[in-house]
Amino acid sequence: MNQSVPSGPFEKFTHRVWKFFASVKLSVIVLLSLAATSVIGTIIPQNANPVMYVQKYGETLYTVFEALSFFDMYHAWWFRLLLGLLTINIIICSIDRLSSTWKIIFPKKVNFRAGRFRKSPSRIEWDSDIALGQLEKTYESYIGKHFRRVKKEKTDTGVLLFGEKGRWTRLGVYIVHFSILLLLIGGLIGSLFGFEGFANIAEGDSIDRITLKNSGREKKLPFTIRCEDFSISRYDSGMPKAYRSTVEILNNQERLHKAEIRVNDPLRYQGINIFQSSYGRIPEDNFTVAFTDPDSGMTYEKTAAVGEKIEMPANAGTLIVEDFRNNFSFRGHNIGESFVCRKIPSEAENDEAFGGFFAIPIAYPRFDRMRGGDWVISIENVAFGYYTGLQITRDPGVPVVYAGFITIIIGCYITFFLLHKQVCIELTESGGRSHVMLSCVSGKNRPGMKTAARRLARRLKNLQNRDGR
Amino acid sequence: MITSSSLISIITFVYGLAALLYITSWVFKKELPGKLATATTIIAAGGNLIGIILRWVESYQQGIGHAPLSNLYESLVFFALCIAVLYLFLELRYKLRVIGVVAIPLAFLAMAYTSLTVDSTIEPLIPALQSNWLIAHVITCFIGYAGFAVAFGISILYFIKSGRNASSGGLTNKIPHEAMLDELTHQMVMFGFLFLSVGIITGAVWANQAWGRYWGWDPKETWSLVTWLIYASLLHARLMRGWTGKRIAVLSFVGFVAVIFTYFGVNLLPGLHSYQ
Chain A
1 MNQSVPSGPF
11 EKFTHRVWKF
21 FASVKLSVIV
31 LLSLAATSVI
41 GTIIPQNANP
51 VMYVQKYGET
61 LYTVFEALSF
71 FDMYHAWWFR
81 LLLGLLTINI
91 IICSIDRLSS
101 TWKIIFPKKV
111 NFRAGRFRKS
121 PSRIEWDSDI
131 ALGQLEKTYE
141 SYIGKHFRRV
151 KKEKTDTGVL
161 LFGEKGRWTR
171 LGVYIVHFSI
181 LLLLIGGLIG
191 SLFGFEGFAN
201 IAEGDSIDRI
211 TLKNSGREKK
221 LPFTIRCEDF
231 SISRYDSGMP
241 KAYRSTVEIL
251 NNQERLHKAE
261 IRVNDPLRYQ
271 GINIFQSSYG
281 RIPEDNFTVA
291 FTDPDSGMTY
301 EKTAAVGEKI
311 EMPANAGTLI
321 VEDFRNNFSF
331 RGHNIGESFV
341 CRKIPSEAEN
351 DEAFGGFFAI
361 PIAYPRFDRM
371 RGGDWVISIE
381 NVAFGYYTGL
391 QITRDPGVPV
401 VYAGFITIII
411 GCYITFFLLH
421 KQVCIELTES
431 GGRSHVMLSC
441 VSGKNRPGMK
451 TAARRLARRL
461 KNLQNRDGR
Chain B
1001 MITSSSLISI
1011 ITFVYGLAAL
1021 LYITSWVFKK
1031 ELPGKLATAT
1041 TIIAAGGNLI
1051 GIILRWVESY
1061 QQGIGHAPLS
1071 NLYESLVFFA
1081 LCIAVLYLFL
1091 ELRYKLRVIG
1101 VVAIPLAFLA
1111 MAYTSLTVDS
1121 TIEPLIPALQ
1131 SNWLIAHVIT
1141 CFIGYAGFAV
1151 AFGISILYFI
1161 KSGRNASSGG
1171 LTNKIPHEAM
1181 LDELTHQMVM
1191 FGFLFLSVGI
1201 ITGAVWANQA
1211 WGRYWGWDPK
1221 ETWSLVTWLI
1231 YASLLHARLM
1241 RGWTGKRIAV
1251 LSFVGFVAVI
1261 FTYFGVNLLP
1271 GLHSYQ
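So the protein lines, in turn, are chains A and B.
If you use this note's numbering, the first sequence closes out at 469, no skipped numbers anywhere.
If you use this note's numbering, the second sequence closes out at 1276, no skipped numbers anywhere.
Okay, chain A solo, but in the shape it has when bound (with noise of 0.2 Å):
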């Protein structure tokens, strides 16, 4: 960094460009942006289906939402330009201040101007009958005893006390700053080379390729994971107390680990961790699906799968039932476990023609009434598996934010409990009484150098009491 003053324009330039880097008002305007931004990703769902924003904020709205990236903005280009703001900031702020912190750290001879204690608000002054010389003996002795470094000098009217200590604690804001780094590098290591996705599994199957998150896309892990069971153990009262998968990680049908995967108790292999995140039922095959005609309540029973297609009584058509949900939201109402079904018109084509998509939930039979259409579905005589829920997830980053969080609790702790802390003690005499002045300094605007010089007053009056008598 260039120190001297600038003199060139495009000296000019750069140091306007360091200095506006390196300002506090910046740091304290992008603190106060991400805060307010980061709200709204707290009000508007992130990472949802399309089709619910448009449902709930309407065309207009999403668009003008969708191109400010609001629905995934922590990973908005805004976004990551505050945070880039942010750390250019907080390297540049502590470069530009620590030489001068290194300067007070590490002087080259310990000065300490008797003006600017005479001058401190912190300032405390008493009378004494006890002789200055044994004052003196016993502050020196106290202070010796509470600071590392002491000073003495002699003035025309008296004697002056110097203590300090705790110099190197102004080291402690470079340490915050510094695990704030950390964390933003750990965080860029994690997105930049690790992955978070999840992987639903029936019991007695196998998967080698997740969903992840953020992107939607497929991914293939380097060993296939099989679930071979999966249990939920239940309080008396019915909750829920513990869910248990039952996982073995194969390659090439080889065995390599089994392993019980519980929630707050999950597998990590080869740096790959697997958790146990929720579980679901699925329906086995062979379920039946009836259709009954509105009008005379004739019912026709089939026999089905999910995937399969059925034909239609009265040559009405193919109905494939599609998938199924543990949870199915209709119009805002949540009608539980349902399968999602499409018909295909019998005059149609091909079986990508659309036939418009509807649910049938299997707690309410009549539910496909309120569709009108020929026939009336139901879903009946399911059985039941379940499926576990596992989240996969990989951050490399991981070590070095667990480095920045032990560092940031040490430099907070430092920053804010240990003080730099100077104290001066000014001994004089006049009318046979002695004086005593005393005040406390520290970093500009450190707060509690008032409460500290007093208590250490009223400390050094119990001492002189003592050794006074």
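What the hints contain is simulated information worked out from the structure, not anything from laboratory work.
Do not take every clue at face value.
As the list claims (entries may be wrong) - Examples of chain A residues toward chain B, derived with CB under 7 Å:
(1) T42
(2) Y269
(3) N273
(4) Y386
Said to hold, decoys possible - Once the Cα atoms are required to be at most 35 Å apart in a straight line, the calculated DSBU-like pairs of lysine-lysine come out as:
(5) K1220/B <-> K461/A
(6) K1246/B <-> K450/A
(7) K1220/B <-> K220/A
(8) K25/A <-> K450/A
(9) K145/A <-> K1246/B
(10) K220/A <-> K258/A
Where is the CB? At the ideal position from N, CA and C, for every residue including glycine.
Following the hints, position chain B against chain A.
The following block gives chain B in isolation, referenced to the frame of chain A:
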């Protein structure tokens, strides 16, 4: 033997009494109600602590033993204790009873809220909460929140003091000097900030343990970060730009609103900080 929930209900009234005594002492400028207020607060805090321990014991008697820090009721009761203990420490150190006028009503409100609206039955821990990180996370967060609550109370005193200075001398005389209030706010914010940081960090480590990510921008996480950022700005404005007085009091006020929202308001937002 008395149950924890009835003891905690009684303690709510003891806090209420203490708050009244602090206010009486302030309004009528009498020393005696002040001393009684201090004694009452000590009793309330002691009873509060016993209530928490009792609840802990009861949970083991029911065979679902866990530290009583697992739901809104338990956290509010613990919050009240944190505020009371932190305030008593301040009173001891600075001999300023007038802070009790604003701090103890906050403890009372936290307790009263539990009696009025929150279910006090002891529930077993759902799987997501079965972790030792729960204790570290909740304790540190609420100690931090208590620091911010007291800072908020002191900021209120600041507004009273600076706003009414000219007109009514009487009541504001007993409020310490603005510089002193400013300093106390700052100290409480630093205290709260350290503990909030540790609270967020223990939460992050726990989240990494349970969900495989230390940060997920879930509304509760995000709001705790918003709170952290507001107080971080306060500290920077104060230490580096020399902000004092009213501007700091305003930031401390805004910060505490964020604390409250992190605590209660997040339940109104989409997304879940709970896990079934």
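Discussion item. Hinted pair, alpha-carbon criterion (35 Å max): K1220/B, K220/A. Please report holds or violated.
Written reply: Within the cut-off at roughly 32 Å; holds.
Worksheet item: Does N273/A meet its interface restraint, that is, does its C-beta lie within less than 7 Å of any C-beta in chain B?
Response: Cβ of N273/A sits 5 Å from chain B, so the hint holds.
Worksheet entry | Interface hint outcome for T42/A [beta carbon to chain B under 7 Å] | holds (4 Å)
Discussion item. What's the verdict on K145/A and K1246/B, does the C-alpha distance respect the 35 Å limit or exceed it?
Written reply: Violated. K145/A to K1246/B sits at ~40 Å, over the 35 Å cutoff.
Worksheet entry | Restraint check for K220/A with K258/A, where alpha carbons must lie at most 35 Å apart | holds (20 Å)
Item to complete: Would you check whether Y386/A satisfies its interface hint, that is, whether its CB is within less than 7 Å of any CB in chain B?
Response: violated (15 Å)
Worksheet entry | Given pair status - K461/A, K1220/B, alpha carbons within 35 Å | Between K1220/B and K461/A the Cα gap is close to 51 Å, so the pair fails against 35 Å, i.e. violated.
Item to complete: Verify the proposed pairing of K25/A with K450/A, using a straight-line Cα cut of 35 Å.
Response: holds (28 Å)
Practice prompt. Using Cβ atoms only, decide whether Y269/A comes closer than 7 Å to chain B, and label the hint accordingly.
Written response: violated (12 Å)
Worksheet item: Taking only the CA atoms, is the gap from K1246/B to K450/A under or equal to 35 Å?
Response: Distance of about 20 Å is within 35 Å: holds.
In summary, the numbered hints that this structure violates are 2, 4, 5, 9.
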